[in-house]
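Participant: As a plain string of letters, each chain reads:
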Amino acid sequence: MDWRNFEDERVYRAIAQGKRPAVAAALNLIDDRRPESRRDVEKLFAALDAYENPRRSHVVGVTGPPGTGKSSLASALAECWLGEGLRVGILAIDPSSPFSGGALLGDRLRMTRSDPDERLFIRSLSSRGEKGGLTPNAWLMSRVLLSGFDRVVIETVGVGQSEIDIAHVADSTCLVIQPGSGDTIQFLKAGIMEIPDILAVNKADLGQMARTTAEELRLALPEIRDENAWKIPVETVSAAHHKGIERLAAAVQAHFEWLDTGNRLEDRRRQAEARWGVKRLRERFGEYGLEKGGGEDGMRERWMATSGSPFEKLERFGETIEQSLK
Amino acid sequence: MSASDKRPERDRPWLMRTYSGHTSAAASNELYRKNMEKGQTGLSVAFDLPTQTGYDADHPLAKGEVGKVGVPIAHIGDMDTLFKDIPLDRMNTSMTINATAPWLLALYVALAERRGVDPALLHGTTQNDIVKEYLSRGTYIFPPEPSMKLTVDTIAFAVKHLPKWNPINVCSYHLQEAGATPEQELAYALGAAQTVVDAVRDSGQITADELPKVFERISFFLNSGIRFVEEIGKVRAFSELWGHIGRKRYKIEDPAMTRFRYGVQVNSLGLTESQPENNVQRIVLEMLAVTLSKNARARAIQLPAWNEALGLPRAWDQQWALRMQQVLAYETDLLEYADILDGSPVIEAKVRDLKDRAVAELERVKLEGGMLKAVESGYVKRRLVQSQAERLRAIERGDVKVVGVNCFTESEPSLLAHGEGGDILKADPEAHARQVESLRVHRETRDAREVVAALDQLKLAAQNEENILPASIRAAHAGVTTGEWARVMRGVYGEYRAPTGVNVGARSSGDPAKIATLRQRVRETSEAIGRPLRMLVGKPGLDGHSNGAEQVAVKARDIGIEVVYEGIRLTPRQIAVAALEEGVHVIGLSVLSGSHLELTKDLVRELAETETQETPFVIGGIIPVEDETRLRELGVSEVFTPKDTELNEVMARVVDIVRRQHGLETLGGLT
Numbered sequence: 005m006d007w008r009n010f011e012d013e014r015v016y017r018a019i020a021q022g023k024r025p026a027v028a029a030a031l032n033l034i035d036d037r038r039p040e041s042r043r044d045v046e047k048l049f050a051a052l053d054a055y056e057n058p059r060r061s062h063v064v065g066v067t068g069p070p071g072t073g074k075s076s077l078a079s080a081l082a083e084c085w086l087g088e089g090l091r092v093g094i095l096a097i098d099p100s101s102p103f104s105g106g107a108l109l110g111d112r113l114r115m116t117r118s119d120p121d122e123r124l125f126i127r128s129l130s131s132r133g134e135k136g137g138l139t140p141n142a143w144l145m146s147r148v149l150l151s152g153f154d155r156v157v158i159e160t161v162g163v164g165q166s167e168i169d170i171a172h173v174a175d176s177t178c179l180v181i182q183p184g185s186g187d188t189i190q191f192l193k194a195g196i197m198e199i200p201d202i203l204a205v206n207k208a209d210l211g212q213m214a215r216t217t218a219e220e221l222r223l224a225l226p227e228i229r230d231e232n233a234w235k236i237p238v239e240t241v242s243a244a245h246h247k248g249i250e251r252l253a254a255a256v257q258a259h260f261e262w263l264d265t266g267n268r269l270e271d272r273r274r275q276a277e278a279r280w281g282v283k284r285l286r287e288r289f290g291e292y293g294l295e296k297g298g299g300e301d302g303m304r305e306r307w308m309a310t311s312g313s314p315f316e317k318l319e320r321f322g323e324t325i326e327q328s329l330k
Numbered sequence: 037m038s039a040s041d042k043r044p045e046r047d048r049p050w051l052m053r054t055y056s057g058h059t060s061a062a063a064s065n066e067l068y069r070k071n072m073e074k075g076q077t078g079l080s081v082a083f084d085l086p087t088q089t090g091y092d093a094d095h096p097l098a099k100g101e102v103g104k105v106g107v108p109i110a111h112i113g114d115m116d117t118l119f120k121d122i123p124l125d126r127m128n129t130s131m132t133i134n135a136t137a138p139w140l141l142a143l144y145v146a147l148a149e150r151r152g153v154d155p156a157l158l159h160g161t162t163q164n165d166i167v168k169e170y171l172s173r174g175t176y177i178f179p180p181e182p183s184m185k186l187t188v189d190t191i192a193f194a195v196k197h198l199p200k201w202n203p204i205n206v207c208s209y210h211l212q213e214a215g216a217t218p219e220q221e222l223a224y225a226l227g228a229a230q231t232v233v234d235a236v237r238d239s240g241q242i243t244a245d246e247l248p249k250v251f252e253r254i255s256f257f258l259n260s261g262i263r264f265v266e267e268i269g270k271v272r273a274f275s276e277l278w279g280h281i282g283r284k285r286y287k288i289e290d291p292a293m294t295r296f297r298y299g300v301q302v303n304s305l306g307l308t309e310s311q312p313e314n315n316v317q318r319i320v321l322e323m324l325a326v327t328l329s330k331n332a333r334a335r336a337i338q339l340p341a342w343n344e345a346l347g348l349p350r351a352w353d354q355q356w357a358l359r360m361q362q363v364l365a366y367e368t369d370l371l372e373y374a375d376i377l378d379g380s381p382v383i384e385a386k387v388r389d390l391k392d393r394a395v396a397e398l399e400r401v402k403l404e405g406g407m408l409k410a411v412e413s414g415y416v417k418r419r420l421v422q423s424q425a426e427r428l429r430a431i432e433r434g435d436v437k438v439v440g441v442n443c444f445t446e447s448e449p450s451l452l453a454h455g456e457g458g459d460i461l462k463a464d465p466e467a468h469a470r471q472v473e474s475l476r477v478h479r480e481t482r483d484a485r486e487v488v489a490a491l492d493q494l495k496l497a498a499q500n501e502e503n504i505l506p507a508s509i510r511a512a513h514a515g516v517t518t519g520e521w522a523r524v525m526r527g528v529y530g531e532y533r534a535p536t537g538v539n540v541g542a543r544s545s546g547d548p549a550k551i552a553t554l555r556q557r558v559r560e561t562s563e564a565i566g567r568p569l570r571m572l573v574g575k576p577g578l579d580g581h582s583n584g585a586e587q588v589a590v591k592a593r594d595i596g597i598e599v600v601y602e603g604i605r606l607t608p609r610q611i612a613v614a615a616l617e618e619g620v621h622v623i624g625l626s627v628l629s630g631s632h633l634e635l636t637k638d639l640v641r642e643l644a645e646t647e648t649q650e651t652p653f654v655i656g657g658i659i660p661v662e663d664e665t666r667l668r669e670l671g672v673s674e675v676f677t678p679k680d681t682e683l684n685e686v687m688a689r690v691v692d693i694v695r696r697q698h699g700l701e702t703l704g705g706l707t
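Quick note, the sequences are listed as chains A and B, same order.
Note that this note's numbering numbers the first sequence so that position 213 is 217, with each residue one more than the last.
Note that this note's numbering numbers the second sequence so that position 642 is 678, with each residue one more than the last.
Only chain A is shown next, with the shape it has when bound in the complex:
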């Protein structure tokens, strides 16, 4: 069976079933920069769109400053979901070396077992120079995993507070916080509240310090009067001691159910697609080109109002900008 033959119907069926070789081949394809591969990527996405996804699949971002235990927490969440019989796909992102472009990706270490679970798939990725905590292909890859897994976890690089991109790719974003780190509170006070949907104070084994931090966070969160709005929960957990993980998983689930009422989930995913598209256009045409095309916000809105596959749109929008640059 050639899993790289994207003419073959069976390849798509296997991806939708989360079969390892098929999913791996699809992710490799997305990484492939040769022009002939781009055509296959388009085929892949058109086909995946055509597959009715019966799963209530959910993309969960795990982000936070270095040393907070993101990897351990992502791993504990994955364990928890596997325990519920769900299939879990993970994208773990590490920084690339600014000198060589190479990278040391070591996150699997915390997640793998001697007999790998058929329902778990892990791909380690390098940031490849992209700022914002993700990797250029994170959104496309998360779409592939979404069709074959019940939960897709994206773990960001974790270089600091500039990692806001994850909130634009994931359905639900969990910000992991180290007890006693005053900077996180400053960060919340600064009003960048669109990032986390759930706050997890890790290392609850630190006892009082963790409880104090959780309390401070609750006080720092803006008061929400609207009954329909999402109220950010603050959970204390200990990934190392496997404590509080079920509660955190329940909070993530509650956010998903909240998203699932009305058009919220669909809106988020369309936003994510638009952000991906505009980002690619900026890479290609720069800030000036983007201005010519109607500015970032304007383009995003137009993108969402336009029908067609993301690749068709990318081409059409690109042509428009090219015209305006002539």
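Please note: incorrect hints may appear among the correct ones.
What the hints assert, rightly or not - EDC-like mimics (lysine to aspartate or glutamate), calculated; alpha carbons at most 16 Å apart, straight line:
| # | chain 1 | residue 1 | chain 2 | residue 2 |
| --- | --- | --- | --- | --- |
| 1 | A | Lys235 | A | Glu261 |
| 2 | B | Lys185 | A | Asp301 |
| 3 | A | Lys23 | B | Glu501 |
| 4 | A | Lys247 | B | Glu399 |
| 5 | B | Lys409 | B | Glu399 |
| 6 | A | Lys23 | B | Glu399 |
What the hints assert, rightly or not - Chain B stretches covered by chain A per the calculated footprint, using a threshold of three residues with CB under 8 Å from any CB of chain A:
| # | stretch |
| --- | --- |
| 7 | 203-213 |
| 8 | 585-592 |
In short, the hints are calculated from the structure, not lab data.
Note that CB positions come from ideal geometry on N, CA and C, so glycine has one too.
Given the coordinates of chain A, assemble chain B onto it according to the supplied hints.
Facilitator: Below, chain B alone, put in the same frame as chain A:
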């Protein structure tokens, strides 16, 4: 009356042991009984790697390792066989066991109970020193915090129920092998011991008046090298500093409680392969250093065999090592005198100097936040690596003389090394299959309900942070296995998978021009194959020596490759699945345990099963020339051995493998 009747009273000799264990409990028992007939007075049990790292013989990671470096012990039945016809209340048993120490001790206690022996009469030692496992030995399982908790449990339990047992042997032995100078040995071993005593004191498991007993139960395991005056100074300095710590830090007045008690294995790494007969005098001199001072004399000694550097020793070689001890203890007059070195100004000055420098290093460790923090931060490891490098350079320069190696190298043909080799201990190829079969029978014949109940209780005890020994002893009686015990513990405490020292900040060294060429090659290759060149680096099997794999991973990163670093203790299946999921172009494995043929066969099968057979793989390690051809036949693309010292050239060959796989022209060496 003859003169011999008036001989002065002699001190009792130290315990004489041989570190041994192999193949199976039955084979090891036979060896032990033979050794005791020869006058050995204590046992020193070597366990195999699966037992040390908490796996049963039928676990995929145990493949190729069962019965290899020691005896496999899976359950109370194996323990019973190991000590068949050996009275537990009269035997002094030392067990080199660390991460799974509480479990092996539980098996030993349960066996005593089953035989109607009062556990309070048990004599012996569990090594149980986790700090040095992170630094050099590599058989840790759990993260540092729960590991320390298990150590504390074992000590607290022993103090209450096993008054004659040494629940921990704080090791400076492995520190010396990792390069430590005498003052570093002193500082780090005493630092580790203090950390342990503090942890027991603060655990809430003992009362304040039990603290002296805790302190008294801490024993040490030392190395003894060839600079024997310095080593004499070292053991005396240990003795004085430990007494000082007992009095000052823990306010213990009774001198009997603050005595420095230690066992020794003399230096094995310093034994030479050339003119190996010279190792006999090395071993004897090293033994003298730890026996001459009556006030700081070793309590137990085990000597290596003269030909250990050549291969597995024969029974006769081990007997010779035992006879060295017996001649010193029974023929010479050493044990008739008080401390013969007391008052020697030279020795006193040496001791003072070592103590001063050790105290200074201990202060430095305190600045790092204590011994555990200094290990976690990598400070101690860096210091050891530095000392080791200096020592090796001194040998290369000839500043340190090694007879038969860098001086006096001409030799008559050796008559000893080529003698009759009839009973060389060979690894038994059937050992694994037999152990797996006996395990299956054991699982079928035990009371399954009792096993489940015992495991539940064990899990609960671990979760509730109770002392783990009582539940472990119950599990031992129920017939729980080593792998089952460790699985419950792994579930509760998690597994420590430190990036084993891969220093992400580290930059690899080498000719900048070569690195630039390699980066260019990686870039071009990535463009030609469409996506960034990715490589998986890891170690299959149980041996924990990861330096080689780490160096390759850092080097590959530095030339622009995306490296998926998988670390140690991987099954072939894990490697194949990781290679598939990660979409790597090449796999690099490091194998030092000697199981390369077996692991390669398994990996080839797993790659085929996961449909990843197209991914080429290379192996690096200590691989005999005759195996290289066989490995290539099995499908290995390249074999790297210690003679391939230039990592840049190694990487050039790895890049060429990927190029060949994708139909690109190969680019050859860098020079």
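Participant: With reference to the structure, classify each hint as holding or not holding.
Facilitator: Hints, one by one, checked against the model:
1. A:Lys235 with A:Glu261: Satisfied, since the Cα-Cα distance of roughly 13 Å is no more than 16 Å.
2. B:Lys185 with A:Asp301: violated, 56 Å
3. A:Lys23 with B:Glu501: Violated, at roughly 41 Å.
4. A:Lys247 with B:Glu399: Violated: A:Lys247 and B:Glu399 sit about 37 Å apart, past 16 Å.
5. B:Lys409 with B:Glu399: Holds: B:Lys409 and B:Glu399 sit about 13 Å apart, inside 16 Å.
6. A:Lys23 with B:Glu399: violated, 56 Å
7. 203-213: Violated, because only 0 residues of the stretch 203-213 of chain B bring their Cβ atoms closer than 8 Å to Cβ atoms of chain A.
8. 585-592: holds (count 3)
In terms of the numbered hints stated before, the structure departs from hints 2, 3, 4, 6 and 7, listed from lowest to highest.
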